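A.B. asks: Please arrange chain B on chain A, whose structure you already have, making use of the hints.
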Amino acid sequence: MNSGLGDTPILTTVLDTAVTWARKYSLFPMPFGTACCAIEYMATVGSRFDVSRFGAEVVRFSPRQSDLLIVAGTISQKMAPVLKRIYDQMLEPKWVISMGVCACSGGFYDNYATLQGIDQIIPVDIYIPGCPPRPEAVIDAIVMLMKKMENGEDLARRPARVEQGRVTMQLPGETVPVAKLAERT
Amino acid sequence: MEPRDFKAPLLEKFPFLAEFAWRSPFPSFYVPADRLLGVASFLRDDLGFDLLADLAGLDCSELGRTPRFEVVYNFYSITHKDRVFLKVAVEEAQELCEVPTMTGLYATANWYEREVWDMFGVRFTGHPYLKRILLYEGFEGHPLRKDYDIRHRQPLVPGAD
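Top line first, the protein sequences correspond to chains A and B. Take the first sequence: its letters are residues 0 to 184, numbered as in numbering that gives the first Met the number 0. Take the second sequence: its letters are residues 0 to 160, numbered as in numbering that gives the first Met the number 0.
Chain B on its own, in the form it takes in the complex:
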């Protein structure tokens, strides 16, 4: 099937979506955290985006924009061969540093969200098993945060560094 224009129906249904430009040929939108699941289920059920290809965290503290964190969702349609990006801005403050989980819509979000939690410390509310996935139990902090000291080591074997 040919690539199609899905932007018009998407913006018609969700006029609050804020398109942004970056080095990508694909449509990309900021979405408020509380509307995320509504937009995602529309993408999945009505626009045929059947694959959550990626989900990543981003620490913007050196990019000069607020709030500090962003979570990026990369949806792909296997049928239509097109792609759309969603971004959710996340506040730094501990009690606000959270996003609703996508695991109810895409099972693959489970491990992605655990990785973002592991690396950036963004919580996903409603996640069934939000534990570190790559780093070990007892690791303190979230190493991909820009304020994590690049030389800091947390060895498991005493004496190593």
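Same shape as in the complex, but just chain A:
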């Protein structure tokens, strides 16, 4: 935060910076848990790993009250429309963490029943590999997301569009396939 603190009790800053600061320490996650990753996420929220140290412990099971969607588990083709609707119901600004290989790419479920990665239907900010990932990895992802928010990436509106079967994201000045986002610095 810009330090404008002098002799007088006045704080000067950019509104966005202040809002982002507040947001990043008060993420309201919505867990979309469909498999064993959800159990590991529960451990993350529990007292041993205590995600409240990072301000992301107020788990809301309602998409309308949350701003961070954590997709933890295998998404079947049958479940895909449900996940899409949950995402669409969340208010902007919103972020998505894809937890575990099943959510990221389908994992070893390369078959008729399983969606090959949730980035086929919704934009993803952070991918966590692992089967399932350790709670430390989940915390790392939340911290990475907080850094992204700090850098201002969060406030860009990112309407996702499907082009030739791939979800693309509108970033300032360019359209980027979601799958290529990880390669950017």
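No lab work stands behind these hints: they were computed from the structure. Source: prediction; values computed, not measured. Ideal placement from N, C-alpha and C gives every residue a C-beta, glycine not left out. Just to be clear, a hint being listed does not mean it is correct.
Claimed, not checked - Residues from chain B that face chain A, not an exhaustive set, calculated with beta carbons under 8 Å:
1. VAL87
2. TYR135
3. PRO142
4. PRO154
Stated by the list, open to error - Example chain B residues on the side facing chain A (calculated, C-beta under 7 Å, incomplete):
5. GLY120
6. LEU155
7. VAL156
Claimed, not checked - Straight-line distance between alpha carbons at most 25 Å, and here's what the computed DSS-like set of lysine-lysine pairs gives:
8. LYS146/A to LYS23/A
9. LYS145/B to LYS77/A
10. LYS86/B to LYS145/B
11. LYS130/B to LYS77/A
12. LYS145/B to LYS130/B
13. LYS6/B to LYS80/B
C.D. replies: Then chain B, alone, in the frame of chain A:
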């Protein structure tokens, strides 16, 4: 109660049962589809097989035997702690690809048979509600058939694969 020899009374009453060997210590028999319910009700009412533990489909097209499909019934007796398998061979041709339903004898067969219909496309005649149980409405084909393309996808959200 001790495990008992139920094979003798079973074969005495149904001499057409054809025993077959596989990697299982339990007696296993092929039974013609039209005699299935008679044998099953004898197993349930006279031999004490009170549980239909499993019911599965099988596509034999890569096992080198005909006809193409088989339905496997796994009966268990909670009282006697023993087990018996029945198999019904099912023809591939659409109009012959059916087996009489077991739902009248074992209520648990209802969902098993829906699963076999969903995955293999074997119809169960007389079933009260033969609809897909695992896959979604609009899914075409039966994915556990060996000729279902392993890469074929039928996404519900447009653009996904």
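A.B. asks: If a hint holds in the structure, say so; if it doesn't, say that too.
C.D. replies: Outcome of the hint check:
This hint is violated: VAL87/B has a C-beta 26 Å from the nearest C-beta of chain A, more than the 8 Å allowed. This hint holds: TYR135/B has a C-beta 5 Å from the nearest C-beta of chain A, less than the 8 Å allowed. Because the beta carbon of PRO142/B sits about 4 Å from the nearest beta carbon in chain A, less than 8 Å, this interface hint is met. Here the hint on PRO154/B is kept, as its CB sits about 6 Å from the closest CB of chain A, short of 8 Å.
Of the supplied interface hints, the one on GLY120/B is violated, with its beta-carbon coming no nearer than about 14 Å to a beta-carbon of chain A, more than 7 Å. Checking LEU155/B against chain A: minimum C-beta separation of about 5 Å stays under 7 Å; hint holds. Interface restraint check for VAL156/B: the shortest CB-CB distance to chain A comes to about 5 Å, inside 7 Å, so the restraint holds. For the given pair, LYS146/A sits about 8 Å from LYS23/A by alpha-carbon distance, which is consistent with the 25 Å threshold.
Straight-line distance between C-alpha atoms of LYS145/B and LYS77/A comes to about 22 Å, which keeps the hinted pair within the 25 Å bound. A hinted pair counts as satisfied when its Cα atoms are at most 25 Å apart, and LYS86/B with LYS145/B qualifies at roughly 19 Å. The hinted pair formed by LYS130/B and LYS77/A meets the criterion: a straight-line CA distance of about 16 Å does not exceed 25 Å. Restraint check for LYS145/B and LYS130/B: satisfied, since their Cα atoms lie roughly 21 Å apart, inside the 25 Å limit.
A hinted pair counts as satisfied when its Cα atoms are at most 25 Å apart, and LYS6/B with LYS80/B qualifies at roughly 15 Å.
Of the numbered hints listed earlier, those contradicted by the structure are 1, 5.
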